[in-house]
Amino acid sequence: MARTRNSKSSFISLNPSFFTHLLSLFPFNSLHYSPKKNSRITQTYLYSSPFLSFCFLSLLVFLTFFGILMLTFTTLFQNSVSCPETSSSPLFLASVLAAASVSVQNEPVTLSTGAMVPLPAHGAIGNISEEEKEFWKQPDNQGYMPCLDFSLKYRKASARISEERRKFLVVVASGGLNQQRNQIVDAVVIARILGASLVVPVLQVNHIWGDDSEFSDIFDVEHFKKTLIADVRIVTSLPSTHFVSKQTINRELPFHVSPLWLRARFLKQLNEEGLLILKGLDSKLSKNLPPDLQKLKCKVAFHALRFATPIRELGYQIARRMWIEGPYVAIHLRLEKDVWIRTGCLTGLGKQFDSIISRERESHPEYLTGKLNMTHAQRRLAGLCPLNASEMARFLKGLGAPSSARIYVAGGEPFGDAQAMQPLQKEFPNLVKKHTLARNGELTPYLEKSSILAAIDYIVSLSSDVFINSHGGNMGRTLEGHRAYVGHRKYIKPNKRMMLPFFEDSSIPDQEFKRIIKKLHRKSQGQPEPRTKKIDRDVIAYPVPECMCKQ
Numbered sequence: 001m002a003r004t005r006n007s008k009s010s011f012i013s014l015n016p017s018f019f020t021h022l023l024s025l026f027p028f029n030s031l032h033y034s035p036k037k038n039s040r041i042t043q044t045y046l047y048s049s050p051f052l053s054f055c056f057l058s059l060l061v062f063l064t065f066f067g068i069l070m071l072t073f074t075t076l077f078q079n080s081v082s083c084p085e086t087s088s089s090p091l092f093l094a095s096v097l098a099a100a101s102v103s104v105q106n107e108p109v110t111l112s113t114g115a116m117v118p119l120p121a122h123g124a125i126g127n128i129s130e131e132e133k134e135f136w137k138q139p140d141n142q143g144y145m146p147c148l149d150f151s152l153k154y155r156k157a158s159a160r161i162s163e164e165r166r167k168f169l170v171v172v173a174s175g176g177l178n179q180q181r182n183q184i185v186d187a188v189v190i191a192r193i194l195g196a197s198l199v200v201p202v203l204q205v206n207h208i209w210g211d212d213s214e215f216s217d218i219f220d221v222e223h224f225k226k227t228l229i230a231d232v233r234i235v236t237s238l239p240s241t242h243f244v245s246k247q248t249i250n251r252e253l254p255f256h257v258s259p260l261w262l263r264a265r266f267l268k269q270l271n272e273e274g275l276l277i278l279k280g281l282d283s284k285l286s287k288n289l290p291p292d293l294q295k296l297k298c299k300v301a302f303h304a305l306r307f308a309t310p311i312r313e314l315g316y317q318i319a320r321r322m323w324i325e326g327p328y329v330a331i332h333l334r335l336e337k338d339v340w341i342r343t344g345c346l347t348g349l350g351k352q353f354d355s356i357i358s359r360e361r362e363s364h365p366e367y368l369t370g371k372l373n374m375t376h377a378q379r380r381l382a383g384l385c386p387l388n389a390s391e392m393a394r395f396l397k398g399l400g401a402p403s404s405a406r407i408y409v410a411g412g413e414p415f416g417d418a419q420a421m422q423p424l425q426k427e428f429p430n431l432v433k434k435h436t437l438a439r440n441g442e443l444t445p446y447l448e449k450s451s452i453l454a455a456i457d458y459i460v461s462l463s464s465d466v467f468i469n470s471h472g473g474n475m476g477r478t479l480e481g482h483r484a485y486v487g488h489r490k491y492i493k494p495n496k497r498m499m500l501p502f503f504e505d506s507s508i509p510d511q512e513f514k515r516i517i518k519k520l521h522r523k524s525q526g527q528p529e530p531r532t533k534k535i536d537r538d539v540i541a542y543p544v545p546e547c548m549c550k551q
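Residue numbers (full-length UniProt numbering): 1 to 551.
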């Protein structure tokens, strides 16, 4: 697993008992550990053995020198994270301990870097059919492991950038949790590009879900700062010496901005005013950055952005309640009212529900995203609509999921409530949500906090044996990369454009339908897929090859 280092942490964590044991192996151990009643004998022996005394002192000098050397080495290479040995991967050990800690402690065991890791995958267990074994089987990771090796040029620049105290960047992140996460990742990278200190990002109040959570409510601020200490200086608040006016806020950024564009546009302002405030950052930074900046994005997304302790504890508690019963599927169903409004699709719930969505859409035409001149049917067959519960049930059956499969449903409350979920519940009765698994009012403090509820969904989905996303989105893309980063856990992305025409043909026998669905998704089940295979792919979704290397 990737190992993040900084100047305040040692290169190797050594237990003091190691040195005690080492000293006990030498013949002069009695000089140091002799009982009090033999002190006179010891003293005589000590002064009569100058050679052994010299050896003892030499050893102490050597150990002191070795310690200084290690600290120096750490400072020089604090930004390197190399591939670990597969057989003793800290990632595997951490996930095993996280699962084993069910009865020991509430907080899961994580890597020393603080990266969130899933509970171990179960794989195919028990007396099950070959089809079920294939469904639960994890993909081959082809030897890829997290590997954040920053260049010497990057590390040399870190000393200056991480000590910057005159220029400050403030970023206002908007949207839902995972949209905000992406903007925070980009904010760190932009601060690095401009050589500015980053103020802990401001989370804009979410008007759709009414969530006013601050950064510290969702994320571990101190861990965020410490993890990135060698990359960017991060401060909790803007110094009182820096004046903020409306003119300071930059709201309009073009898409795909490059480091060169950012420096040309903002460096002069930063040097003169010492302050830059960016708003509307969503997906504006180029996806094709230099390798060091791509690695920094992975470091932020998978290491630094750790959820706050209460969220992490509850998320893993709920995940263990799913995990302890055996393998499970997590699906991110996008059936919320705002999703139907934005996509311009029919809900599949009948005219009554569709008319409600149509009226909302007509009163807010700005909500509709992309290709406005397409009919409902055209949008669906083009893959622009989320799978509804009926389509998801048929898709799962086509993939070979057993009807007894335990399924965790992530996402907000579906438009249409129980009626919307009924087709899926009928085919897969072991259907649960976080509200089903929570006990004794565990979720009560967060019922009005959509971002925290989404964070819990994220943790439970990360630990699932199989993850399926019904309609893209920020959570799906981030989990795609995160599951790849922690061992290429099975991730199935529905090929809606290719498979939906077969959904329309009722004459296709079930076995033939299964063969078609499996064939369409054979190569998209979590195997390592390089980001460079297609242009403009986000490294957060595709961490190979910049953030992962072969052992």
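Just so you know, the hints here were simulated from the structure itself, not pulled from any lab data.
There could be a bad hint or two in this list.
[As the list claims (entries may be wrong)] Straight line, CA to CA, 20 Å or less: simulated DMTMM-like cross-link-like pairs of lysine to aspartate or glutamate:
id	residue 1	residue 2
1	K518	D536
2	K514	D212
3	K514	E252
4	K397	E413
5	K337	E413
6	K493	E164
7	K397	D510
8	K493	E448
9	K518	E130
10	K225	E130
11	K284	E325
12	K433	E504
13	K226	E131
14	K550	D536
15	K426	D510
16	K493	E442
17	K225	E134
18	K284	D536
Between K518 and E130, is the straight-line Cα distance small enough, at 20 Å or below?
14 Å, holds
Run the distance test for K426 versus D510: straight-line Cα separation, threshold 20 Å.
18 Å, holds
Pairwise hint evaluation, E504 against K433, where the allowed Cα distance is 20 Å at most:
Violated, at roughly 30 Å.
Quick one, are K337 and E413 close enough, alpha carbons at most 20 Å?
9 Å, holds
Between K226 and E131, does the CA-CA distance stay at or below 20 Å?
46 Å, violated
Does the structure keep K284 and D536 at a Cα separation of 20 Å or less?
Given pair K284, D536 holds - Cα atoms ~12 Å apart, limit 20 Å.
Can you confirm whether the C-alpha distance between K397 and D510 stays at or below 20 Å?
Roughly 9 Å between the alpha carbons, so the hint for K397 and D510 holds.
Is the hinted pair K514 and E252 satisfied, with a Cα-Cα distance of at most 20 Å?
48 Å, violated
Hey, K284 versus E325, does the alpha-carbon distance stay inside 20 Å?
Not satisfied, since the Cα-Cα distance of roughly 42 Å exceeds 20 Å.
For K493 and E164, compute the direct alpha-carbon distance and say whether it is at most 20 Å.
At roughly 43 Å apart (the allowed maximum being 20 Å), E164 and K493 break the hint.
For K493 and E448, compute the direct alpha-carbon distance and say whether it is at most 20 Å.
30 Å, violated
Take a quick look at whether K225 and E134 sit within 20 Å of each other, Cα to Cα.
Violated: K225 and E134 sit about 42 Å apart, past 20 Å.
In summary, the numbered hints that this structure violates are 1, 2, 3, 4, 6, 8, 10, 11, 12, 13, 14, 16 and 17.
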